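Novice: For the sequence shown, my numbering begins at 20 and goes up steadily by one.
Treat the hints as calculated values from the structure; they're not laboratory data. As the structure is a prediction and not an experimental result, all values here were calculated from the model. Don't be surprised by glycine CBs; every beta carbon is placed ideally from N, CA and C. Do not rely on the hints blindly, as some may be mistaken.
Computed beta-carbon distance windows for the label pairs [as the list claims (entries may be wrong)]:
| # | residue 1 | residue 2 | range |
| --- | --- | --- | --- |
| 1 | Leu81 | Gln32 | 32 to 42 angstroms |
| 2 | Leu133 | Leu170 | 12 to 22 angstroms |
| 3 | His112 | Tyr49 | 27 to 37 angstroms |
| 4 | Leu47 | Leu158 | 25 to 35 angstroms |
| 5 | Gln119 | His85 | 31 to 41 angstroms |
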Amino acid sequence: MTLINTLFPLGWQHYLLGGLTIGAGVALLYLFNGWVGGMSSVFSSSWSFVSKRAFFQQDRFLSSRHWRLVYALGVVLGALVWRFALAGGEAQHTSVPAWQLLIGGFLVGYGARLGNGCTSGHGICGLGALQLPSLGAVLTFMATAFLTANLLAITTKGLA
Numbered sequence: 020m021t022l023i024n025t026l027f028p029l030g031w032q033h034y035l036l037g038g039l040t041i042g043a044g045v046a047l048l049y050l051f052n053g054w055v056g057g058m059s060s061v062f063s064s065s066w067s068f069v070s071k072r073a074f075f076q077q078d079r080f081l082s083s084r085h086w087r088l089v090y091a092l093g094v095v096l097g098a099l100v101w102r103f104a105l106a107g108g109e110a111q112h113t114s115v116p117a118w119q120l121l122i123g124g125f126l127v128g129y130g131a132r133l134g135n136g137c138t139s140g141h142g143i144c145g146l147g148a149l150q151l152p153s154l155g156a157v158l159t160f161m162a163t164a165f166l167t168a169n170l171l172a173i174t175t176k177g178l179a
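Start from the sequences and build out the full structure, keeping to the hints where you can.
Specialist: Dropping the structure here:
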C-alpha cells in the first residue's frame, strides 16, 4: 500500500475538487463583491436572526446576514450534491462518539471567537489576502492540530 493510499483510503480526488471549489468560491465572492467568506462570521450573522444579544446584533452581522445565509445554504447544497451525484447517495459516517464531536465543536467555536475567525476565514480568505494576523492564526491552528493528533495517537496506543 502506498503512502497516498494510506493517507487517503477513500481517494484523494474529492479532496482536490473540494479545495478547488472552495478556493474558487471565496475568490469569486471577494473579487465580485469584496466580501470575505469565513464561516464563523456566517454562523454569527445567522444567529442575528434569532438572538437579540448585543454581540449578534452588531451592524457587521446585520448588514451581511442575508448573503451569508445564502452562502451557508450553498455549503449545505454542495454537500448534498456530493452525496447524491458523486457518492452514490450514500451518507458518510464517522466512528467518533457524539460526545467527542460535541466537545470538539465547542472548542472549535471557542477558538474561532478567541482567534477572531475560523480556519476558513483565516486559512482561505486571510492568507489569500496576505494578511499577517491570518498567518499567525493558521500556524497556531496547525500546531494545535498536530499536537492534538499526536497526543491522541500516543494515548490510543497506551490504552490498547
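Novice: Give a verdict on every hint.
Specialist: Results for each hint:
1. Leu81 - Gln32: 32 to 42 angstroms: holds, 40 angstroms
2. Leu133 - Leu170: 12 to 22 angstroms: Holds: the Cβ-Cβ distance is about 20 angstroms, inside 12 to 22 angstroms.
3. His112 - Tyr49: 27 to 37 angstroms: holds, 34 angstroms
4. Leu47 - Leu158: 25 to 35 angstroms: holds, 27 angstroms
5. Gln119 - His85: 31 to 41 angstroms: Holds: the Cβ-Cβ distance is about 34 angstroms, inside 31 to 41 angstroms.
Consistency note: the structure conflicts with none of the earlier hints.
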